[in-house]
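Going down the list, the sequences are from chains A and B. First residue of the first sequence? That's 1 in this note's numbering, and the numbers climb one at a time after it. First residue of the second sequence? That's 1 in this note's numbering, and the numbers climb one at a time after it.
Calculated directly from the structure, the hints in this document are not laboratory data. Note that the structure is a prediction, hence the values are computed from the model and not measured. Just so you know, even glycine gets a beta-carbon here, dropped at the ideal spot from N, CA and C. Be aware that one or more of the hints could be misleading.
[Stated by the list, open to error] Which residues of chain B face chain A? A partial, calculated answer using Cβ under 7 Å:
1. Y25
2. L29
3. Q79
4. L81
5. A108
6. G112
7. Y113
[Stated by the list, open to error] Keeping only pairs whose Cα atoms sit at most 20 Å apart, straight-line, the calculated EDC-like set for lysine to aspartate or glutamate is:
8. K171(A) with D56(A)
9. K23(B) with D194(A)
10. K171(A) with E54(A)
11. K201(B) with D129(B)
12. K41(A) with E27(B)
13. K118(A) with D170(A)
14. K41(A) with D194(A)
15. K117(B) with D74(B)
16. K23(B) with D75(A)
In case you want the letters, here they are:
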Amino acid sequence: MKKTAFSLLAFLSFSFSALRAQIGAQLSLVAPTGYYSYLLKPGVSFEIVGKYGEADSYYSFGASIGYFSLSATQDTFHNTYGVGGPNNALCPGYSVIHSFEELSFGITNDLKLMPTKKFSPVIGCDLNFSGIQISEDDYAETLELSSDNGEDYWLISIVPRIGLQYKINDKFFLSAFFGRSLSFVGTANAQQYDKTSICFQYSLE
Amino acid sequence: MRKAYIKYLFFIPALVALGGCSKPYSETLPAVQINSVSAYGMVDSVLVTATVTSQGAGPIEYEGFSFSNTPTFDLLSRQVLLYSTATTFSVVLPAYQDSTFYFEAFVANQYGYGVSKSYAFTVPTAKPDSAPCSIPQNTVEFQGNYTPSDILWGGSPPYGSFYVEADFGFSNALDIYFNQVPTNGEYNVLNNIDFTNSTSKYAVTLILNLNSGFNSYGINEGGYVYISQNSNGSTTVSFCSLSVNINSVNYPLSAKITFN
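In isolation and in its complexed conformation, chain A is listed as follows (with noise of 0.2 Å):
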């Protein structure tokens, strides 16, 4: 999953240094929320961010490319369970993530209040796509033991968010964002994180 996030990124980076746009490089907080909250440590992601149109205009639009990976809140998780077996009990059992990992590419959109200033808070709307893998062991006392070496989920989410855009000079901008990523359909639980952002984008005009 690394060689193909680092191979697109090397693409998208070429792509976007051809055209009149903006490139940048961001870092996030990500916070799981709800289910994974529970589960899963905060982790930090990498995104590169491509976007069309120019540096001070309101709208620009473009895409993104991120990868993450969050590790387990604690070794083994006791008092999971399964149900089944010849009785149809409740048999007790424990989990183990070994990783969690996450690819997403996006599209992203951003509305400046302010574009000519040095400071302009920024309204953005992202939606990604993203290719999860999971690697866990699963046993259930009596049912089968279930060791799952990067099984592999796809989610599609929304991240709206909000952020402030501090204009260093023609060339530099650097933002922050607080956003909040909301799966809605794929197959794995439904996500919810919490991602706080620093970006550093450069003009490419």
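The hints should help you fit chain B onto chain A, whose structure is shown.
Leaving out everything else, chain B in the frame of chain A:
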């Protein structure tokens, strides 16, 4: 001046990040406690009631009980799984008189399960019991009232391990088969009992033999036979409103028989 602004810009995500800490998994698990265990109806059952004290981080999906006659046991030991989500839930479990049983309730949500503390309960000795109807002593009521001409009892019958027989009328007999020497309490009337299985300890089968046994009929399932161990050492078997199906017609059958 510009550097000061940049510093404040970085404070925003830093502050938000503080709120993004992971939550302890233990908070997700539901909790439950057993409220009561009480003797229930017949001598071989108890009613166990439990309450969900916390549903954890998700709605309850399963509830249930497990129990054993030893203080430490596995959750899978004699488990009753309920597909219910009620805050308070109950179930009737088999537990014989004069025995101490240990009960645990469990509840589960999407994250995991929680188990109550173990609850020990000694099933009380059953009191003498008699049929809830008025029948004269030593009477068989079947198409008329009969006083048995002979009452027999003992071990090694064709079914179970103890029988009581009341001969009545002209060459008729009522046979009652137990899986033990009957003691105080209510016995469930069943057909085709597996008398080799200890769970049928408080079950009973009755057979009506007419015309010197040329015509035998099993008494319909349902209802109870009541046993009273009397102070003089005798034992009274009584029942009422049982029925026997003869040529597609159900006939009522009641009796009160004492043997010593």
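Going through the hints against the structure:
| no. | hint | in the structure |
| --- | --- | --- |
| 1 | Y25 | 5 Å, holds |
| 2 | L29 | 6 Å, holds |
| 3 | Q79 | 5 Å, holds |
| 4 | L81 | 5 Å, holds |
| 5 | A108 | 6 Å, holds |
| 6 | G112 | 4 Å, holds |
| 7 | Y113 | 5 Å, holds |
| 8 | K171(A) with D56(A) | 11 Å, holds |
| 9 | K23(B) with D194(A) | 14 Å, holds |
| 10 | K171(A) with E54(A) | 11 Å, holds |
| 11 | K201(B) with D129(B) | 17 Å, holds |
| 12 | K41(A) with E27(B) | 15 Å, holds |
| 13 | K118(A) with D170(A) | 10 Å, holds |
| 14 | K41(A) with D194(A) | 12 Å, holds |
| 15 | K117(B) with D74(B) | 13 Å, holds |
| 16 | K23(B) with D75(A) | 14 Å, holds |
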